[in-house]
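Asks: Protein chains in written order, with our numbering: chain H, 1 to 246; chain S, 1 to 284; chain F, 1 to 343.
Keep in mind that a hint or two might mislead.
To be verified - Example chain S residues on the side facing chain F (calculated, C-beta under 7 Å, incomplete):
no.: 1; residue: 107
no.: 2; residue: 108
no.: 3; residue: 123
Rather than coming from a laboratory, the hints here were simulated on the basis of the structure. As the structure is a prediction and not an experimental result, all values here were calculated from the model. For glycine and all other residues, C-beta sits at the position ideal for the given N, C-alpha and C.
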Amino acid sequence: MTAALACSHLTVSYDGNVALNGVSLSVGSGQMIGLVGANGAGKSTLVNAVAGWSRGRPAVSGSVTLDGADISALAAHARAQHGLLLVPEGKNIFAELTVDENLGLVRAPRDVAGRHVFSIADVFNLFPRLTERRTYKGGSLSGGERQMLAVGRALLAAPRVLILDEPSAGLAPRLILDLLERIRSLVDRGLPVLLVEQNVKAALKVVDHLYLLERGRIIAGGPTTVMKSDARIVEAYLGTLAVDRA
Amino acid sequence: MNLSQQIVNGLVLGSGYACIALGWTILLGVARLVNFAHGQLYMLSAFVTWYAMTRAGAPYWAAIVIAIVVLSLLGALMQLAMTRLVIEQNLTSLMIVTLGLGYVIQGGGALIFGGNPQTLSSVLARTKVDAGALWFTWQDVLVLAMTFVLYAAVWLFVNRTRFGSVIRAVAEDPRLAQLFGINAKLVYLGVFVFECAAVALAAALVAPRAPILTSMGFNEVIMTFVVVVLGGIGSIGGALLAGLGLGMFIAFFGAFVAPAYTTAAAFGMLLLLLVVRPVGLATK
Amino acid sequence: MTDSLPHRPLSMLRAVVVAALIGVAFFLPQLFGGSSVAYSTLTTIALFAVMCYGVDVVLSYLGEVSLGHTVFWAIGGYVAALMSVHLGVNGWVTALATIGLSVAAATFLGLVTLRTREFVFSLVTYAAAVVTHEIAFNWDAVGGSDGTVGIPALKLPLGFFTYVGGTQEELWPIAFALLLLTLFFVARFRRSRLGTTALMVHMNPALATSLGVDQRRVRLAVFVISAPITALAGWLYAYQRAYVGPDMFEAYFLVMMLTAVVLVGRRILLGPLLGTAVLIIQQNLLSLGGDWNKVILGFVLAAVLIFWPAGLMGLVDHMRQRWLRKTRTNGRENKRSYMEEVQ
């Protein structure tokens, strides 16, 4: 069976400086893959390159396939239309549009074969908080509400694969796990998710598979149960206590 | 000079200003783009309309349609050439590029249409209405009515439709819009084409009031800038109000103070406003 | 053309080369045959280049597009015309008045536009030009729509004798001197505190603020010093043409200034001069007629920014860097193999 999302030998450079060096990974259907690493390891560079998107001017080489189809030549908006939905790090909603208008920007595809379709009611069920904020402008939302809105609009576009770049950034610790568990519930219904996460402890609780990125290369990867006790993960991100508890 | 006639004159002038400024208001305020060729596009539209009527014998309404089509195509070409600068939001370069293209249009216009002044004659412009002591033409009525209709339609489109949200989203953050599956380049193209179509319509409506010259360019639409800045950049209602208010001011200033210095007076108002209130009249 | 660190022998050599180039440049009209056309073309290039440097200072170092420099250009022309015709004063007096009035006008416009940026700044400066044009066109005291004719030859008393600039041949040394003075001034400005601060405000406003730079002051100062440069060019233009009228506000001069600056590339000392030279030579010697020239000038302006945003020098630079990178990687490999051999 082909992977829902796969990239191979992805290399990205900015003005000749290599930020990502020949990275390959894949996300199977119904799988939640975690991508962790230190600041500047190239996590955002990787997922942005997969989505064909950037705020800078990177030079990208390598290939990306979505449900077996090569999408490397498509522009960012076309990849989104084909069901590869990235929720980027930082500013990921429109501040001057209301919640309803933000959600209204998305148009669900006509052909839903192979897509995971979510209705607006599903989104409000998943994030009841948004219901109360429908007429508020994006700029007036709290950090958590913005993440909910950003994920919600991505779901409305009927994703094949959902990529989340640090959805927990700026969230209170008790909200992080809550958000990740809600997303896990979508994975359990079949939606493949690639999750970039700073908070390794929280990520380990929800993902099936974990990759460790360092200086633009994947240096370790495997099932969560194995990675939990991987020396590099333990030393750098968990400390010994976490292993004991696990 | 009677007072009510000046009010009528003010409405006539002001609706003309607002009508010409509509395209710019959308372009600048909604999509955050600039087009310094606006004046030359106005000139070109007036001449295309004139050419279609006098040389091709088209009726007035058909000439308007021809002008809109020609200007839309030209706008599409301009925007395609500028796509990279637009996506990078390089406003400084866009200003200079459109200024250069405007100069090309001015030179090209003179080559095609010659250097003589022409009159764009519309039947409505020749039919005067005398209502007691007041007089105006049916063309003036048409301009006023069309201006209100157009502003209302554009306001509804921008604020009440999905396409309106898409345009505002692209204006706020073109890159992020791409992740929403929005083709930002296409949206910019659409907005720019709309600007050109709007200026074509405005020129066909307003230009019959005075002789047209290929060199009129910017100076003919200098009031557009005053209207857009006075109205609070990008506020659709603000631009309409500013246009009408400016028309009143000019009518009264021209009648009672000095007709030769109306532009200077309008500019004086703008300067005063910039010192007192740099964001414009409208508040968000 | 970046300024290298001061190296004494190098700077000596440099001074000699620069002096030699200046000497050669002065005799250019003779080198081109010494005809009246050669003199008038080179005089026009020199004074138009000076005109462009005013815009260059604002565009290259503040990153703002001033569309109001035709006001300063016209101030120079009108002051020279009106004062020499009606008061009969010499060139020094008109030049001083030009500087004074243009600085005053720029200070006023600069203060009013202090809080505006980008297109609002451009719009207001443009509106200023339109309004000044309207006044010049309607006000009979300054010549009205007819302008002022019969401007006497430029007289510059130098103590014991008076230099008279009546013909193109006699005006050339003055235009040349004005150009040299401008180049010297702009070169000094680029290295001055104001010049470097302005560039920082343009390129990295956040850094400038964190260093306690008052951005408004810098913007105002740069705008004000740019005005007399363009104004003095207008001053000389009045004597060259012996006529001044509202046509000094024509868009041609504006488009010319911007094109000359962006054509070769911003922030290059000789850029505006070379740009002006190319454009004037096209218009004077390879002209296709006024309207075609407009099409060409406007097209050049748009095309440069669309295709080579850094101008012709940017294009050259790009190619040179590609070439350098290639040779550098080769060089590195050579060096490595050399090291291996040594070990």
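Asks: Taking the least C-beta to C-beta distance, is residue 123/S closer than 7 Å to chain F?
Replies: 32 Å, violated
Asks: Can residue 107/S be said to touch chain F, with a Cβ gap under 7 Å?
Replies: Holds, because the Cβ-Cβ distance from residue 107/S to chain F comes to roughly 3 Å (cut-off 7 Å).
Asks: Regarding the hint that residue 108/S lies at the interface with chain F, is the smallest CB-CB distance below 7 Å?
Replies: Result: holds, 6 Å to nearest chain F Cβ.
Consistency with the previously given hints fails for number 3 only.
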